[in-house]
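For the record, the sequence lines run as chains P and Z.
Okay, so the first sequence: first residue is 0 according to numbering that gives the first Met the number 0, each after it adds one.
Okay, so the second sequence: first residue is 0 according to numbering that gives the first Met the number 0, each after it adds one.
One or more hints might be untrue.
Label-pair ranges, simulated between beta-carbon atoms [stated by the list, open to error]: (1) P:Glu48 to Z:Val334: 14 to 22 angstroms; (2) Z:Lys123 to P:Asp104: 39 to 47 angstroms; (3) P:Asn46 to Z:Gly311: 49 to 57 angstroms; (4) Z:Lys226 to P:Asp320: 22 to 30 angstroms; (5) P:Gln41 to Z:Val334: 32 to 40 angstroms.
One-sided excerpt, in silico: chain P residues whose CB lies under 7 angstroms from chain Z [claimed, not checked]: (6) Lys52; (7) Ser108; (8) Val112; (9) Phe161; (10) Ile172; (11) Phe235.
These stretches of chain P come out as covered by chain Z in the derived footprint (C-beta under 8 angstroms, 3 or more residues) [said to hold, decoys possible]: (12) 26-32; (13) 36-42; (14) 296-304; (15) 312-318; (16) 330-338.
Treat the hints as calculated values from the structure; they're not laboratory data.
By construction, the Cβ of each residue, glycine as well, lies at the ideal position given by its N, Cα and C atoms.
Number of protein chains: 2
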Amino acid sequence: MAGWEENVRKVTPYVPGEQPKKENIIKLNTNENPYGPSPRVQAALLNVEHLRKYPDPAASLLVDKIAAYHGVDSAQVFVGVGSDDVLAMSFLAFFNGNKEILFPDITYSFYDVWAELLRIPYRKVPLDSDFRLRKEDYFSTCGGIIFPNPNAPTGIPVEPDFIEDIVKRHPEIVVIIDEAYIDFGGKTVLPLVEAYENLLVVRTFSKSRSMAGLRIGYAIGSRKLIKYLNDVKYSFNSYTLNQPSILLGAASIEDEEYFRKTIAKIVQTREWFKEALEQFGFQVLPSVSNFLFVTHPNYPAEDIFEAAKKAGIYFRHFHNDRIEEYLRITIGTDVEMQAVVDFLKNYMK
Amino acid sequence: MAGWEENVRKVTPYVPGEQPKKENIIKLNTNENPYGPSPRVQAALLNVEHLRKYPDPAASLLVDKIAAYHGVDSAQVFVGVGSDDVLAMSFLAFFNGNKEILFPDITYSFYDVWAELLRIPYRKVPLDSDFRLRKEDYFSTCGGIIFPNPNAPTGIPVEPDFIEDIVKRHPEIVVIIDEAYIDFGGKTVLPLVEAYENLLVVRTFSKSRSMAGLRIGYAIGSRKLIKYLNDVKYSFNSYTLNQPSILLGAASIEDEEYFRKTIAKIVQTREWFKEALEQFGFQVLPSVSNFLFVTHPNYPAEDIFEAAKKAGIYFRHFHNDRIEEYLRITIGTDVEMQAVVDFLKNYMK
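Taking the hints into account, I'd like the entire structure generated from these sequences.
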């Protein structure tokens, strides 16, 4: 190892789901939305201009729309390059004590990567045997708490009361609820941010708004929390959202009808597809997200994963002891999910 | 202060140049390029599609173009959300020892902000009385070195030999050369990255490529250096460049003729404008960038700054003892710079 390498921060990065460059595959491995964003979003590309100028560092056009949409003040909204950027900045800003932060053992697998990168002590709290969070596990002294609601990759939600019970016991730390998948059926804790100034709710445009390609995420919390978060962001990169993101993000918020319609479609597809899987003998966790987390008593998950891939269908499989036998399947269109059913029919015959 | 605030990372953020929302101003305060990107860049907006899908996390289309353009391997290129993102990731990845990193006292004022944010010990090395770097000042033991070439906000360059003398004395650290403004007349150290695996060269699309609104920056170095940098990036945010950035960035590289033509125009404008300022009695530092750093023996910089602003002309003024009497003026179009001349004629009469 050369001398200079001794000063390098060495980390094991997060591995995102594969983004195959092949055409004509059924891609159900990264929880993308099959319907694409509102036509207004695509149309707004024509309004992108003045590329020579820096974007508004505060991204006010987008921030104001998000604030109005959720009925909060613009000073309560933070935006970033996808919810990953929002979460990374939040880890940097808020998980800055010496005590361990807490998150589930089965959850978004980026949390421990950020903790390792930023040298934040952490402890993974095991989900119960039904893959559910137990709120009592989060009552102990700690340096911060984060989990998604609904959780990923299980898709299982908790009630707002559950979260409030945790937050109200912890005025000494920041609690982050990652609501990436909330629009597909969970109950948001956004109304609680007025009562608890240490509660941060994180959202993304990548799933329900079908804009993964633009990288837009946001957080809502108290003015104080958002001020601290912006201070860290402005100490990292003054201008994070580029002009297309600001403009197209705002256009998405303007088309509520399309947003509702496509979400309803995904929920409808999820429900029939869940029943179909159960008829094949799969156990399907009770998901309120745009994916299902499934296991089969007779067929190893990795075998199904590989066979499906060979057939041009991409699922997600995690190498983690407790969920080695599970697959995460994104909900696509009815046609795509029917193709999965046809594949399984053939595979299991 | 509430309990949770004790765990918060408190920082004093970088303050970017004002981005006034007013129309009809002459904006010479953030070193934007007056000409806009190649028409091919704007046209490429029409090719942005599949917004529902995540962008390629490796941004290969853009990375490959940049690599081919500079005659290096794609594994030697790192991309980020503007050079600020590239630099922030580099600080995180490479300035990870216990020794002080070194940079000039008068330089890009984000360096100390990143060092403070990431708790990297640092020492500012004073420029000499002519605002020049002295290479001997960078020969001592340290945890890393960074400076821009040409330096900002002075615009004064150093020769590649100057940098090589520093790098070859320091196999134990990473040396970062921030070439944000190199295309306007400086001599790049890119050829040195083959010989020195600890030399990182950082570039941006925001100045010479006139694409500040898209936020694209990159770094070139040894495969090893880029691998470490990517590991940190993938531990922070899997997908940083969005689809428009990848596509439009690639389109920019394809139009070399436009690129050369607009740079030549800016250099030409800089030269006559410099002479004009000298005729007004300004002292103008020998800049090879797209800005001039100027002072006048009889008129306080802040007074000129305020009067110009009132007249709708925005310069940049830094509150820093040694350069309190200087203004940084971006080179705009001939028409814009003539308006500055007219303003000064009136102001000084």
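Against the structure, the hints come out as follows:
no., hint, verdict
1, P:Glu48 to Z:Val334: 14 to 22 angstroms, "holds (20 angstroms)"
2, Z:Lys123 to P:Asp104: 39 to 47 angstroms, "holds (45 angstroms)"
3, P:Asn46 to Z:Gly311: 49 to 57 angstroms, "violated (25 angstroms)"
4, Z:Lys226 to P:Asp320: 22 to 30 angstroms, "holds (29 angstroms)"
5, P:Gln41 to Z:Val334: 32 to 40 angstroms, "holds (36 angstroms)"
6, Lys52, "holds (5 angstroms)"
7, Ser108, "violated (11 angstroms)"
8, Val112, "holds (5 angstroms)"
9, Phe161, "violated (20 angstroms)"
10, Ile172, "holds (5 angstroms)"
11, Phe235, "holds (5 angstroms)"
12, 26-32, "holds (count 4)"
13, 36-42, "holds (count 3)"
14, 296-304, "violated (count 0)"
15, 312-318, "violated (count 0)"
16, 330-338, "violated (count 0)"
In terms of the numbered hints stated before, the structure departs from hints 3, 7, 9, 14, 15, 16, listed from lowest to highest.
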